[in-house]
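Visitor: Using the sequences and the accompanying hints, generate a full structural model.
Just so you know, the sequences run in chain order L and S. Using the numbering used here, you'd call the opening residue of the first sequence number 13 and step up by one each time. Using the numbering used here, you'd call the opening residue of the second sequence number 13 and step up by one each time.
Because the hints were derived from the structure by calculation, they are not lab data. Here the structure is a predicted model, which is why all the values come from computation and not from measurement. Keep in mind that the hints are not guaranteed to be accurate.
Since the list gives no way to pick out one identical chain from another, each pair is judged satisfied if it fits inside one copy or across any two copies.
Stated by the list, open to error - Here are the simulated lysine-lysine pairs, PhoX-like style, with alpha carbons at most 25 Å apart:
# : residue 1 : residue 2
1 : K122      : K103
2 : K226      : K31
3 : K160      : K122
4 : K122      : K27
5 : K151      : K41
6 : K139      : K234
2 protein chains.
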Amino acid sequence: MIVIKIGGSLGTEVKSLAKEIAEISKSEKIVIVHGGSYETTEISKKLGKDAKFVTSVSGFRSRYTDFETIQIMEMVMAGKINKELVRLLQKSGVNAFGLSGADGKVLLAKRKESIKIIENGKKKILKDDFTGKVENVNKELIKILMDKDYLPVICPLAISYDGDIVNTDGDRAAAAIASALSADLIIMTNVDGFLKDGKLVTELSTLEIEESYKFAEGGMKKKLLAAKEAIDNGSSRVIIARGDLDRPLNNALIGKRTVISK
Amino acid sequence: MIVIKIGGSLGTEVKSLAKEIAEISKSEKIVIVHGGSYETTEISKKLGKDAKFVTSVSGFRSRYTDFETIQIMEMVMAGKINKELVRLLQKSGVNAFGLSGADGKVLLAKRKESIKIIENGKKKILKDDFTGKVENVNKELIKILMDKDYLPVICPLAISYDGDIVNTDGDRAAAAIASALSADLIIMTNVDGFLKDGKLVTELSTLEIEESYKFAEGGMKKKLLAAKEAIDNGSSRVIIARGDLDRPLNNALIGKRTVISK
Numbered sequence: 013m014i015v016i017k018i019g020g021s022l023g024t025e026v027k028s029l030a031k032e033i034a035e036i037s038k039s040e041k042i043v044i045v046h047g048g049s050y051e052t053t054e055i056s057k058k059l060g061k062d063a064k065f066v067t068s069v070s071g072f073r074s075r076y077t078d079f080e081t082i083q084i085m086e087m088v089m090a091g092k093i094n095k096e097l098v099r100l101l102q103k104s105g106v107n108a109f110g111l112s113g114a115d116g117k118v119l120l121a122k123r124k125e126s127i128k129i130i131e132n133g134k135k136k137i138l139k140d141d142f143t144g145k146v147e148n149v150n151k152e153l154i155k156i157l158m159d160k161d162y163l164p165v166i167c168p169l170a171i172s173y174d175g176d177i178v179n180t181d182g183d184r185a186a187a188a189i190a191s192a193l194s195a196d197l198i199i200m201t202n203v204d205g206f207l208k209d210g211k212l213v214t215e216l217s218t219l220e221i222e223e224s225y226k227f228a229e230g231g232m233k234k235k236l237l238a239a240k241e242a243i244d245n246g247s248s249r250v251i252i253a254r255g256d257l258d259r260p261l262n263n264a265l266i267g268k269r270t271v272i273s274k
Numbered sequence: 013m014i015v016i017k018i019g020g021s022l023g024t025e026v027k028s029l030a031k032e033i034a035e036i037s038k039s040e041k042i043v044i045v046h047g048g049s050y051e052t053t054e055i056s057k058k059l060g061k062d063a064k065f066v067t068s069v070s071g072f073r074s075r076y077t078d079f080e081t082i083q084i085m086e087m088v089m090a091g092k093i094n095k096e097l098v099r100l101l102q103k104s105g106v107n108a109f110g111l112s113g114a115d116g117k118v119l120l121a122k123r124k125e126s127i128k129i130i131e132n133g134k135k136k137i138l139k140d141d142f143t144g145k146v147e148n149v150n151k152e153l154i155k156i157l158m159d160k161d162y163l164p165v166i167c168p169l170a171i172s173y174d175g176d177i178v179n180t181d182g183d184r185a186a187a188a189i190a191s192a193l194s195a196d197l198i199i200m201t202n203v204d205g206f207l208k209d210g211k212l213v214t215e216l217s218t219l220e221i222e223e224s225y226k227f228a229e230g231g232m233k234k235k236l237l238a239a240k241e242a243i244d245n246g247s248s249r250v251i252i253a254r255g256d257l258d259r260p261l262n263n264a265l266i267g268k269r270t271v272i273s274k
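Guide: Right, here's the structure in full:
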């Protein structure tokens, strides 16, 4: 079983990926998890609401997600991107079933009660943020769908214990899903894998991950964290690979990429 | 089993409906089908694309649904409205599961190859329209969800035989779902029911429906058609009732409304 995390900024490459998934899904169960951050920013802007990013006191940059923003994310992620993937897969002969993590509590998250941020050099507490961390995956429901030969396409919006819809980190949500299903995880991105001093690391153990964080650039740090979480909780292998290729899945499985295991 | 069609233009009333559904769903299986036409028009406008309506040669007015429009419908219907209902129901303690008819081919539709319209008095053929008519309901999947105590919330986008996502009429999609499940159908609207010469018709048989079309105003004609289709194909009862009330479900079941049966 393979969980494939597709980045939100992958464009036309998704078409070739859909064809590869159609081939491979004949012999292997697949679950797709997708992002949508980039397009959320675009559509937000068109709707007259500029995306706002905040920096936490611990130095992580994240999207400020008020109620209006989470509604836009529902539109872009659960609506536009999720259904685009369903359409492409259905056109390739795969019976794709799109859902958000909020549906049927597929992803149950603890909503962050507040975030401490730094704004103009001053500490500030945000309370109206709809973000959270996945704490439980309804694997029974995902398995029911797969047993009936549907291919789940999941967007990483989750439901909180209070019934609010919250945004969660896509890589870490994919890791939670993969480990709950004891599946391998492939994280598609726009680089070849984890680069250390500009050189691709082809194999990495979870023991080496923590000391690797300092070499990780941009979103790679979160991907390494997600990889560690996946393996610590039940996945045997995580692959970080480039998605914008002719045959990205084939490359992820046997080509130039980073393979992380215990 | 009851299928409830909620109009897209129902606003805050949906909150009280969610509470009623939470009560009734303890003893009766419920499926929700919702619209979204009004909000699609609003969001379209904000995104800089004015909604366009066309009139067919047979006199029916419908939304011109090019690819960009169907993508906006995916955002508004499968995203915003569907997840708003999921959130309200989850907050009321119901394990709602939102999906579009395109997911897992829940609604399989024949896409209209072309529409003959009248524009400025001239006949014209539209070919890039993504609308269709539901021809098959995947009742197995809906039943699996209900057997596991999820309450399906379905938006009436469907998948075509070619894997395109198409818009379908919400009332008639709800009728197709209700009849496939041999369920009763409640169509919520913004009037008391079917009015004949301004007077509420409380009971109507399917035999009387065809002669009633000429008295039907606005969207009521399609609701009567949907009612007839539901009963002809397996529902025993269709109720057309007002949704913008304090307790709309209670009113639909025992109050002022139109009940249609064989």
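Visitor: Take the hints in turn and mark each one as holding or not.
Guide: Hint by hint, here is what the structure shows:
no., hint, verdict
1, K122 <-> K103, "between (36 Å within a copy, 15 Å between copies)"
2, K226 <-> K31, "neither (37 Å within a copy, 50 Å between copies)"
3, K160 <-> K122, "between (30 Å within a copy, 24 Å between copies)"
4, K122 <-> K27, "between (34 Å within a copy, 24 Å between copies)"
5, K151 <-> K41, "both (14 Å within a copy, 23 Å between copies)"
6, K139 <-> K234, "within (23 Å within a copy, 46 Å between copies)"
The structure does not agree with numbered hint 2 stated previously, though it agrees with all others.
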